[in-house]
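Undergrad: Protein chains in written order, with the working numbering: chain A, 1 to 109; chain B, 110 to 222.
Keep in mind the hints are simulated off the structure, nothing from the lab. Heads up, some of the hints might be wrong.
Below 27 Å or equal to it, Euclidean Cα-Cα: the simulated DSS-like pairs (lysine-lysine) are [stated by the list, open to error]: (1) A:K26 x B:K123; (2) B:K123 x B:K180; (3) B:K123 x B:K166; (4) B:K166 x B:K120; (5) A:K56 x A:K69; (6) B:K166 x A:K70.
Chain B regions said to be covered by chain A (calculated; three or more residues, Cβ under 8 Å) [stated by the list, open to error]: (7) 136-149; (8) 171-181; (9) 208-214.
Calculated Cβ distances over 12 Å to all of chain B for the following chain A residues [stated by the list, open to error]: (10) I47; (11) A90; (12) Q101.
Glycine is no exception: its CB is placed at the ideal position from the N, C-alpha and C atoms.
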Amino acid sequence: SQQGEEDPQALSIQEGENATMNCSYKTSINNLQWYRQNSGRGLVHLILIRSNEREKHSGRLRVTLDTSKKSSSLLITASRAADTASYFCATDALGQLVFGQGTRLTINP
Amino acid sequence: DTGVSQDPRHKITKRGQNVTFRCDPISEHNRLYWYRQTLGQGPEFLTYFQNEAQLEKSRLLSDRFSAERPKGSFSTLEIQRTEQGDSAMYLCASSFRLDREQYFGPGTRLTVT
Numbered sequence: 001s002q003q004g005e006e007d008p009q010a011l012s013i014q015e016g017e018n019a020t021m022n023c024s025y026k027t028s029i030n031n032l033q034w035y036r037q038n039s040g041r042g043l044v045h046l047i048l049i050r051s052n053e054r055e056k057h058s059g060r061l062r063v064t065l066d067t068s069k070k071s072s073s074l075l076i077t078a079s080r081a082a083d084t085a086s087y088f089c090a091t092d093a094l095g096q097l098v099f100g101q102g103t104r105l106t107i108n109p
Numbered sequence: 110d111t112g113v114s115q116d117p118r119h120k121i122t123k124r125g126q127n128v129t130f131r132c133d134p135i136s137e138h139n140r141l142y143w144y145r146q147t148l149g150q151g152p153e154f155l156t157y158f159q160n161e162a163q164l165e166k167s168r169l170l171s172d173r174f175s176a177e178r179p180k181g182s183f184s185t186l187e188i189q190r191t192e193q194g195d196s197a198m199y200l201c202a203s204s205f206r207l208d209r210e211q212y213f214g215p216g217t218r219l220t221v222t
């Protein structure tokens, strides 16, 4: 079963705008990870945030984690056409990752 | 190192046949994971290995599924007596240690007709 739920399920924005995706989960975690998947391909790891961290940055990506609300958000700034993909959050509690259903992001030129 | 590789990339089989997939992890990674992903869903955990030991199996892994990792290197996932419901993308991932990011292969897309 899938623990995380991403919101929204689909997001369409103009190139250059910022994109925000949210993830909620149910149980205690060691860390939370975000992955990107281009259509029909494998997943690419984007960023890992540990349960004792509140915010993390990597390039144009900013991830926040609120363990009291069991939620996380991924912000992509200055979006580009190449950011078009599905984005998944995954919680890691016992070594295995539990994924949400993902947010399908479309960047319009 | 070229990352995690999987073979074959695509497999079409008839219901009732057996299929076997192979995964080669990143060489220094001792943890190897198998996931299954159906269209429009996130990946679902199937099983994982630390070196050659299979440490955990999901309830999704029915008795028709078996996975091995001889000598702690590559891994195989076999599905016996395939059913149409087995049609999915089978993803393999590896990691250096617990509590770290996982590196995914390109997946094997299985179609059962």
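Undergrad: Each of the hints needs a verdict: does it hold here or not?
TA: Status of each hint after checking the structure:
1. A:K26 x B:K123: The given pair, whose Cα atoms are some 39 Å apart, is violated under the 27 Å limit.
2. B:K123 x B:K180: Answer violated: B:K123 to B:K180 is near 31 Å, above 27 Å.
3. B:K123 x B:K166: The given pair, whose Cα atoms are some 26 Å apart, holds under the 27 Å limit.
4. B:K166 x B:K120: Measuring from Cα to Cα gives roughly 23 Å; hence the hint holds.
5. A:K56 x A:K69: holds, 17 Å
6. B:K166 x A:K70: holds, 26 Å
7. 136-149: Holds, because 4 residues of the segment 136-149 of chain B bring their Cβ atoms closer than 8 Å to Cβ atoms of chain A.
8. 171-181: Violated, because only 0 residues of the segment 171-181 of chain B bring their Cβ atoms closer than 8 Å to Cβ atoms of chain A.
9. 208-214: holds (count 7)
10. I47: violated, 9 Å
11. A90: violated, 8 Å
12. Q101: violated, 5 Å
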